[in-house]
Amino acid sequence: MDFLFSYIVLAEIYVLLGLSTNLLVGIVGIFSVSQAAVFGVGAYLVAHFTMATDPLSFIPSMVIAAVCCVALNILVTLPSLRVSGDYFVVTSFGIQLLATAVFTNWTAGTGGANGLPGIPPPDLFGLPIETTPQYAWLCTGAVVLGCLGFFLIMRAPFGRLLRAIREDETAVAAAGKNVLRAKVSAAALAGAFAGTAGGLYAAFLSFIDPSSFDLDASILLLTMVVVGGARTLAGSIIGPFLLLALPQLLTLVDIPTTIAAAARQLIYGLLLIMFMLFRPQGLAGERL
Amino acid sequence: MLALQLLATGLVTGCALGVVAISFSLVYATTKIFHVAHAGIYTLGGYLAWSLVMSGIPMPVAVVISVGACAALGALIQSQLYARLERRRATHLVVLIASLGALAVIQNIIAAVYTPNILQFPLQWSSRMVSVGVVRMNYTQLLTIVISLIAYVGTMLFAHRTILGKRIRAVASNPMLADITRLQPQTVYVYVIAIASALVCLPGILVPLDLGLQPYNGVTPLLTATIAMIAGGVGSITGAFVLSVGIAVVQNLSLLVMPGEWSIGVTFFIFVIFMLFRPTGLFTAR
Amino acid sequence: MTAYLEVTGLDHRFGGLHALQECSFTIEQGRITCLVGPNGAGKTTIFNVITGFLQPDEGSVVFRGRTLDGLRPQAIVHAGIARTFQNLRLFTDLSALDNVMIGIAGQFGEEPLGAIFRPIHTARAQARRRQEAIATLEHVGLADRAHDLVRNLSYGEQKLLTVARVLATGAELLLLDEPASGLSAGALDAVMALLRRLQSEGKTLLVVEHNTRVVQQIADDVLFLHQGHLMAQGSPEQIISDPALAEIYFGGAL
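Protein chains in written order, with our numbering: chain A, 64 to 351; chain B, 330 to 615; chain C, 36 to 289.
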């Protein structure tokens, strides 16, 4: 039973990441392989603040982490989006590889390749969250808030603006709207979601290491959005729940552990190709 | 002297990177696709050559076969994946994601078959050391410089002197017009990617010959190569090659002042500078 | 007296192509001016320069005494100039109403913080804007198609929608790129009536048009462009009846 709750908690954390990735990739149309890097920044920041010699409690740490991730995304998208879309591809790869290098080598700050153990469990303004079912409640609350925010944005003029930008940026500029500001705002929002997800992840697992936040992880996030479906709330929820169940399904097949990780990534790659070729709208989304 | 040694190693790496950059540039300038799967072909080339050599085939033959296989794989990706997507009027983003998927598939098949551990080529001569002035290099490194320069010159001659090369440049400069005339862009794309894949197989063999094979070794060189391509000016073969050498040398020299794990930071820093101050690159496209 | 729109010495090359050569002209307020000329004369290039999509190698554009040099497209729309595109560039997956609403300036809820933290205010503001947009659609005769997706509109309706979108921006100088091309006779009349109606409401129009009948019926002035240079300027009758210009435009026949 605890196992089921664990699955739900992780899936919900990844739903937040799915919303974030969907915002960036699905709605604005920016190709990003650095989502996991932002996820990682959020996780390490919350870990740092809750484990510091003068620790902050969970919620303030989360807020700081979210704000930092917002700033990070703005910093990264502003110069590169100003130039062209393909520049952002390079920037995104660079950010992801750079982040992995920092997570792995800055041993003083991140524990290096061995990771950061002993992250304390969260508390909601004094109310401790210690058992997995309690954690599931916390995450469900976060996901509900996240989905609500996503829904409100898409219903507002901002959502319409983003959809129009994806179709034809030039026409949007000709209508008098600031395209760059809209894209950067969307990226900033995506950063907030990813940073929050990172904090929840760190506190739940109480141990984090760079392997959860590398390029392969970013590819998994993209796969979730592609399979679940782009630009919809349903897609952002279905994708993570489905793809997190995949490793469990794989254990039914006899794959030696040395190549288990490669097998998973191989399946993600195949899913990406198949869906782009035959079902670009994913299971419950709109055409990418 | 350490700095000179680092300079020399930088030259070697830079030359190999230069071939990655020009081959990627060929594809990008012509098809406008940011073909990230190129990193996978780079990786595959080395592993194929290794397998062939391990089963007793002499190295030169192994290289030729690998080059051919890479060309075939590249052509396959273009004709079966990219061309299909183009026919369905897929967006730029969709093609990018598909290319990323292809990269993941190639890399992870290699990791599954060969394990993620580093493998070495079983060739004695490759690590024989030689003194070039005050600097020491091994045969592989020398070979890398020579072959890369030949590849560069060859590509330049091909682009400017041959009919196919001119056809490619025509398509690259105006695909819509090419579509209406008899230039048949889709066919040209297949040729371009086949040639580029054949080219990238060379550093894909030479670099692991020196440093060892690893399934995920393609992404970082590709990233550095794309940065060199952009900084050199998209469409300029010379720009891509020269900037690759330049970046590699700067990266290597930075080892004098900072640990090697941060060298990607150096590359990225160079990219940011170009993006902020000279996004069109140093050389104009021709 | 400063001209309403003054274009001076525009010069621009695209690689080997000298698209604009020392191009200069002025537009007067409240009039419909047609920009004509053979293909490749530079008409769309001029539109791109005026609306900030292209920075010319040389030359300047001054609108109501204020220079537009170096301004980005969004700023030029705010200054009062908006344009349509020859290939429409409508948002096909959005409804006609949504297409118009994109053009409306200064909406609340166009950035995430307002949208999330003040949802009720956003919804109310949207409702008001929606009324404005429907009024604009009525103005061009598309009110009954407001909620249909653009991909489901006829070509003529889509053309009217492009005009509605620029109207929504509130711009006073409208640059229309071939608003009448490819239309059936009935749709053509509707467009021409719309353009005259807009003029009577105080808008100034600069229209690229190939159809001589349209030019004759709606133009107050005609600018004849050839090889990036203003070759002739005058009333529609003067330009159309000039045999030398006809030679350039049609290769002889008229």
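Each hint should be verified, as a subset may be incorrect.
[As the list claims (entries may be wrong)] Interface residues of chain B toward chain A, partial, derived using beta-carbon atoms under 8 Å:
| # | residue |
| --- | --- |
| 1 | M330 |
| 2 | A404 |
| 3 | S408 |
| 4 | T420 |
| 5 | A440 |
| 6 | T444 |
| 7 | I447 |
| 8 | Q449 |
| 9 | V548 |
| 10 | L552 |
| 11 | I602 |
| 12 | L605 |
| 13 | F606 |
[Stated by the list, open to error] Short, incomplete list of chain C residues facing chain A, as computed with Cβ under 10 Å:
| # | residue |
| --- | --- |
| 14 | T86 |
| 15 | T102 |
| 16 | L103 |
| 17 | G105 |
| 18 | Q109 |
| 19 | T127 |
| 20 | L129 |
| 21 | N134 |
| 22 | Q161 |
| 23 | A206 |
Derived by calculation from the structure, the hints in this document are not laboratory data.
All C-beta atoms in this analysis are idealised placements derived from N, C-alpha and C, irrespective of residue type, glycine included.
To see whether the hints hold, each was checked on the structure:
The interface hint given for B:M330 is violated, since its Cβ lies 27 Å from the closest Cβ of chain A, which is over the 8 Å cut-off. The beta carbon of B:A404 is not positioned within 8 Å of any beta carbon in chain A (closest approach about 17 Å), and the interface hint is therefore violated. With its C-beta approaching chain A no nearer than about 13 Å, B:S408 sits outside the 8 Å limit, and its interface hint is violated. Hint status for B:T420: holds, given a least beta-carbon distance of 7 Å to chain A, under 8 Å.
For B:A440, the suggested interface contact is upheld, since its CB lies about 4 Å from the closest CB of chain A, less than 8 Å. With 8 Å as the threshold, the beta carbon of B:T444 comes within range of chain A, its nearest partner Cβ sitting at about 6 Å, so the hint holds. Interface hint at B:I447: violated, since its Cβ lies 14 Å from the closest Cβ of chain A, which is beyond the 8 Å cut-off. Below 8 Å, beta-carbon pairs count as interface contacts, and B:Q449 has none with chain A, the closest being about 19 Å; its hint is therefore violated.
Contact between B:V548 and chain A, as hinted, is supported at the beta carbon level, the nearest pair being about 7 Å apart and thus within 8 Å. The interface hint given for B:L552 is met, as the beta carbon of that residue sits about 5 Å from the closest beta carbon of chain A, less than 8 Å. Nearest Cβ of chain A to the Cβ of B:I602: about 11 Å, over the 8 Å cut. The hint is violated. Proximity of B:L605 to chain A holds as hinted, the smallest CB-CB distance being about 6 Å (cut-off 8 Å).
With 8 Å as the threshold, the beta carbon of B:F606 stays out of range of chain A, its nearest partner Cβ sitting at about 10 Å, so the hint is violated. Because the smallest distance between the Cβ of C:T86 and any Cβ of chain A comes to about 7 Å, under 10 Å, the interface hint for this residue holds. Interface restraint check for C:T102: the shortest CB-CB distance to chain A comes to about 19 Å, outside 10 Å, so the restraint is violated. Hint status for C:L103 relative to chain A: violated, with the closest Cβ pair at about 14 Å, above 10 Å.
This hint is violated: C:G105 has a C-beta 15 Å from the nearest C-beta of chain A, more than the 10 Å allowed. Restraint check, C:Q109 versus chain A: the minimum CB separation of about 5 Å is within 10 Å; hint holds. Interface hint at C:T127: satisfied, since its Cβ lies 7 Å from the closest Cβ of chain A, which is below the 10 Å cut-off. With a least beta-carbon distance of about 6 Å to chain A, the hint placing C:L129 at the interface is held under the 10 Å criterion.
For the restraint placing C:N134 at the interface with chain A, the shortest Cβ-Cβ distance is roughly 8 Å, inside the 10 Å limit, so the hint holds. With a cut of 10 Å, the hint placing C:Q161 at the interface with chain A holds, because the nearest CB-to-CB distance is about 6 Å. Against a cut-off of 10 Å between C-beta atoms, the interface hint on C:A206 holds, since the closest Cβ of chain A lies about 8 Å away.
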